[in-house]
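Student: Model the placement of chain B on the given structure of chain A, informed by the hints.
Sequences listed follow chains A and B, in order. Under this note's numbering, residues 270 to 735 are what the first sequence spells out, in order. Under this note's numbering, residues 270 to 735 are what the second sequence spells out, in order.
Some hints could be false.
Just so you know, same-sequence chains aren't split out, so a pair can sit in one copy or run between any two.
[Stated by the list, open to error] Cut-off 20 Å, straight-line C-alpha distance, at most; resulting in silico cross-link-like pairs (SDA-like, lysine to any residue):
1) Lys-328 - Arg-722
2) Lys-281 - Phe-416
3) Lys-680 - Ser-724
4) Lys-421 - Pro-661
Hints are computed from structural coordinates only; laboratory data are not their basis. In this text the structure is predicted, and so the values were computed from the model without any measurement.
Each chain, written out:
2 protein chains.
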Amino acid sequence: MGARLDLKPMLKPRSVAIVGASRDPDKVGHVILQNYLNAGFPGRLYPVNKTADKILGLKAYASVLDIKERLDLVVIAVPAPAVPAVMEECGKAGVKAAVVVSGGFAEVGNADLQAQLVSIADRYGIATLGPNCLGVMDPRSRVDTLFLPTYKLSKPQIGGVSFMAQSGAVGSTVLDLISGEGFGLSKFISYGNAAQVDEVDILDYLADDPETNVIVMYIEGIKRGREFIAAAKRAGAIKPVIVLKAGKTAAGVKAAHSHTAALAGDYEVQESIFRQAGFIIADDLSDLLYYAKIFEAEPEPKGPRVAIVTNGGGAGVLTTDALGASGILSMAEFTRQTSEALRKAMPPLVNIANPLDLAGDAGEERYDKALAALESDANVDMIIVIMLFQTPGADSASAAKLIAYKDRSEKPMIVISIGAGYTEMHKRMMESAGLPVYDSPADAAAALAALYRYSLFRKRRSQPSR
Amino acid sequence: MGARLDLKPMLKPRSVAIVGASRDPDKVGHVILQNYLNAGFPGRLYPVNKTADKILGLKAYASVLDIKERLDLVVIAVPAPAVPAVMEECGKAGVKAAVVVSGGFAEVGNADLQAQLVSIADRYGIATLGPNCLGVMDPRSRVDTLFLPTYKLSKPQIGGVSFMAQSGAVGSTVLDLISGEGFGLSKFISYGNAAQVDEVDILDYLADDPETNVIVMYIEGIKRGREFIAAAKRAGAIKPVIVLKAGKTAAGVKAAHSHTAALAGDYEVQESIFRQAGFIIADDLSDLLYYAKIFEAEPEPKGPRVAIVTNGGGAGVLTTDALGASGILSMAEFTRQTSEALRKAMPPLVNIANPLDLAGDAGEERYDKALAALESDANVDMIIVIMLFQTPGADSASAAKLIAYKDRSEKPMIVISIGAGYTEMHKRMMESAGLPVYDSPADAAAALAALYRYSLFRKRRSQPSR
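Same shape as in the complex, but just chain A (with noise of 0.2 Å):
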């Protein structure tokens, strides 16, 4: 393993310069100057343009050379054939980082012209992002290299969520769903090419970040093997790590080479690899969001007996179902105390059982006086509550009441709420405050079991015997 390429002066730098900034909207060196000034960002800031006197107000440079300082990074959006003088005069200027956004390399079959880049990069030590790749996003830092117009890709606030992606497409369209969820942001790095940094270093990195709780990949292919193994034990023993695997099918396979001549290799290797590293598996896009809000959210269970409290019957017994589904997850059964509370607490209409049907007209009061007895109940080790908007008795109050709940509670609580305008509404409110929504059964108890999953992996590893 060669020496760990740092990625800090390109995720917290205190200077940035830009080549191939322009005067023109429509070119993306202009884009992504302009996404830095919107942004705020709090460091020196340095246009790169042979002919351009001032750009969008600052003085440009006609090279890095001109600069007066030495550079933490560099990103360069000029044409692919010109990349590789800017790379050299990068490193004559001790430039550190670089974010090499322009296509035109390995990915149409440009490998010599990527060779030479790479070439440099290590020559100089400058730890290269690309080419072919959207960039870094930051909102610490107020990093942003994406040259992709805002109105069609909202941006999520600061969180402890970081996702790594190999694919701009993919991971533009990952940051814009997370724009909608509750959870924030650490750090976006999409790395296209992955010609020198590549996924080891970039989990290398995040398994250290303090910012980064929780590490969400989308990966088509692995390049370092050995390597890979290691960084993947390291960070899942450290922080949970979700992956999407495309190329899992030999169709799938075959696709993955030909969009990043990426070797993708055997699955089921890669996946028992994933496996050993304590990883989360995801199926599909939605699946990294699932789990990643509830890792974010929710603490360890100590252990797999789930309550349901709901206010609709069948959505009760479909979550049973799912539950039952998971293979891990099991049915609290309630103490006898509980159970005599709940009895005492609720109308006659109400069965005390698991799931607790609170019936259509239940509010805030039942949802309180339900979860204030499956708090201190021994034998629940997680909650899913139900709260159907669309019944008489759900409004705001029942769902802050929820909220309030699940700032003094020490379990995993989640919540599914399932449906159009008034749902969302509250969907929106209870996720803001930290708790995590589910619009499906089998969704929820996917991430529930996610979470017992890697509660368990932590224990085993935390034993005396390893």
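Tutor: Chain B alone, transformed into the frame defined by chain A:
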């Protein structure tokens, strides 16, 4: 099998009386009357209330016996103990159908009261829905007995999907979800305790209903097994039936029993009944929608071969994986003619293969040429178009191109678009034009697989050997 109960007077009534109609806006009877008025119900409407002279501007009657015409439908929203007397009056007045929304019968242990209700209904031949149900909605006849606040529950447009659900909460939740989809509703039937009219009667009616193209059913228990099998076989042979059964696992069966006192029974047996009837089996509430929209919009595929067109390589790989996982669909191999036409039409960076990756800058022109080539390719049975709106090329013009193409295509075609605001806007645009849009490769593949599987079932049935 007894005489079939005629549900027509319930769903297409020319005259409706609402017993329990009230001037008090908090009463269920008031909400129902108001809903009929808001919906512009074109038939004759009679509030029934012992004390009021006028309610919401309509003359009120003390009893259905005071109404001069023979009523098609009576909606009953009075306390449970008062229901038998009202039913007795309905019988004497020659009422054809009743919807009993009142709760307080078998579901809270009052089995005797429920038996009394059924005995009166049977004696007078009144087709009776409920008790303890939300009742019916038919946007064509403007019948609407739902008593939930309209701000909590969006109502769908007119269409060809009929939805039957025992559970009121699940029913209203799915109804709310349907309102956010592109397809419309034919009938909504929430049948509660199923004391008299049950899933067999409803399935029989919907199978013959010319306004129903697709039947969606959520069930917890089946009471009349033999009759259900006959009705299922008949319905499945006429039109697609999508079913979600709650109570599959041991714990789920127990929970279902406690919810509606339904005998959920052995799910394996039930599943084999569904399969033999050609039903499409859903695993989750969201599946009901994914399946409903493809069956409502798409023609029968001629075979299992799918072409994928995408502007995101990674999403193409994930979709290829999902098709492989379906176990029944395959990737189409383009004819030489198609490959040559595409090679000429596309820029060099587009690799001519399936999935066809048009690249991130693809706009309406590239999609147009790709779809024209695939439409005429005899090796392509179905088309998945992936349009990621975060990319630089995709916009409303590209979405409009898909809609225009959809109108002239004879092959099933669905879209995958994933993302927040800008994507949601275009999703609504395409769905309102009848183009099904999915936000996950797995859901899209599952929907196409169901469409193809049902086409095979139909073909087997039409073989002379049967």
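Student: All hints, please: hold or fail.
Tutor: For each hint, the structure was consulted:
1. Proximity of Lys-328 and Arg-722 under a CA criterion of 20 Å is satisfied in neither setting, with 54 Å inside one chain copy and 64 Å between copies.
2. Taking the shortest Cα distances, Lys-281 and Phe-416 sit within 20 Å of each other inside one copy (19 Å), while across copies they are farther apart (57 Å).
3. When the C-alpha separation of Lys-680 and Ser-724 is checked against a cutoff of 20 Å, the pair qualifies only within one copy, where the shortest distance is 13 Å, while the shortest distance between copies is 48 Å.
4. Within a single copy, Lys-421 and Pro-661 get their C-alpha atoms only as close as 37 Å, which misses the 20 Å cut-off; across copies the closest is 9 Å, which meets it.
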